[in-house]
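Enquirer: Chain by chain, the residues:
2 protein chains.
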Amino acid sequence: MKKAVVLLSGGIDSTTALFWAKGRGYKCLCLVFDYGQRHKKEINQAKLIAQKAGCEYKVLRIALAGGGSSLVNRQISLARPKISKSIPATYVPARNIIFLSFAVSFAESRKANTIVIGTNQIDYSNYPDCRSEFLKAFQRAVNKGTKSAIAGNLFKIVAPLENKTKARIIKTAKKLNVPLELTWSCYGGGKRPCGKCASCLIRAKGFKEAGIKDPCLE
Amino acid sequence: MKKAVVLLSGGIDSTTALFWAKGRGYKCLCLVFDYGQRHKKEINQAKLIAQKAGCEYKVLRIALAGGGSSLVNRQISLARPKISKSIPATYVPARNIIFLSFAVSFAESRKANTIVIGTNQIDYSNYPDCRSEFLKAFQRAVNKGTKSAIAGNLFKIVAPLENKTKARIIKTAKKLNVPLELTWSCYGGGKRPCGKCASCLIRAKGFKEAGIKDPCLE
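So the sequences go chain by chain: R and E. Following numbering that gives the first Met the number 0, the numbering of the first sequence begins with 0 at its first residue and continues without gaps. Following numbering that gives the first Met the number 0, the numbering of the second sequence begins with 0 at its first residue and continues without gaps.
Derived by calculation from the structure, the hints in this document are not laboratory data. Note that the structure is a prediction, hence the values are computed from the model and not measured.
One copy or two, either will do: identical chains are not told apart, so a pair holds if it fits within one copy or between any two.
Derived lysine-lysine pairs resembling DSS-like cross-links, with alpha carbons at most 27 Å apart:
{"hint": "1", "residue 1": "155", "residue 2": "143"}
{"hint": "2", "residue 1": "143", "residue 2": "163"}
{"hint": "3", "residue 1": "155", "residue 2": "135"}
{"hint": "4", "residue 1": "163", "residue 2": "1"}
{"hint": "5", "residue 1": "110", "residue 2": "2"}
{"hint": "6", "residue 1": "170", "residue 2": "2"}
{"hint": "7", "residue 1": "40", "residue 2": "26"}
{"hint": "8", "residue 1": "57", "residue 2": "39"}
Let the hints inform the model, and build the full structure from the sequences given.
Expert: Listed below in structure tokens is the structure:
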């Protein structure tokens, strides 16, 4: 059975990417990161999602050397009035670069050569490491720097949601029976989503445009 | 003052790269990894070296998801009879890819855009992530996936020892007053180098060809 390492954050996108990969017949190995987020809620949700999907998962605890993001540094304000075109304060330096590096290492040690990531470059937060241009360049780099690739087993970084709007992702999730009620998008870690952070705003807009009710708000 | 993040393992190459960067006028921020090595000796030596160099250092503890290397998995034998042309059992999947990703993150959060790595592709262990072809591809990737790079501050990954033989590196180290007596190359963590592992063999060959006595064997 072909294997894929799936980066799972507990949000809608990575969860949908996981179910997409399952649907394509991959045996999925989920990788969840505890990188000093402000809250553990998304990590817990990611675990529940992996269990629901019947997949093996691993939580890797990593310490980022710097702290230049409001997602990991409480001294930088999380509040953002609206979805903007610039790179926001929630940007974590090189986060996806680090996550993908671990995914490659995990994949190589488990003889998987597909890595699935739920990034999309339409309704997203303008993080540069979510763009397909970066993903392609990163794939080229790992295919020059790993034992498996040198031996001919090239890695493929697959971003199945790359060019989908949030609304289309949510519709896709519905079709794939993704447990949307388990997903968590809010940058805060309250009992219920705050409804005000950029991530909540993007999510709300997506559900609205998809004409679907967000089960987390019921 | 221009700043560089230096990947420091405590071996001859990374230590020489650190002193090279200092000599070039960089304020160096050393990054040391505790990734579950069989022994902590090289980490301790790296700390001593950073202190000797008068540089700030950070030890990052990371857990690799897989364990497919004899350097982190005690079930795989460390012993290797000789220096070979194939990729050895000491290969740690995607190790430099992970280290460089953290270096980029650290650099970005500290407004440094130079990363110094002591890899060389002459007298080395055939690790694919030490080759300049990989380093160039990785540099291209991070320059497409980071906020600083998008803003025009491109990252540069500098491997000053890239094309030097071990003997030349040792001669360079001598010129730069590198505290070679503090460096540690042996894959084992004994009081003295084992003299048998691939790393000891490459080191011994280098000192011999350089016509210099290894201070660690005195």
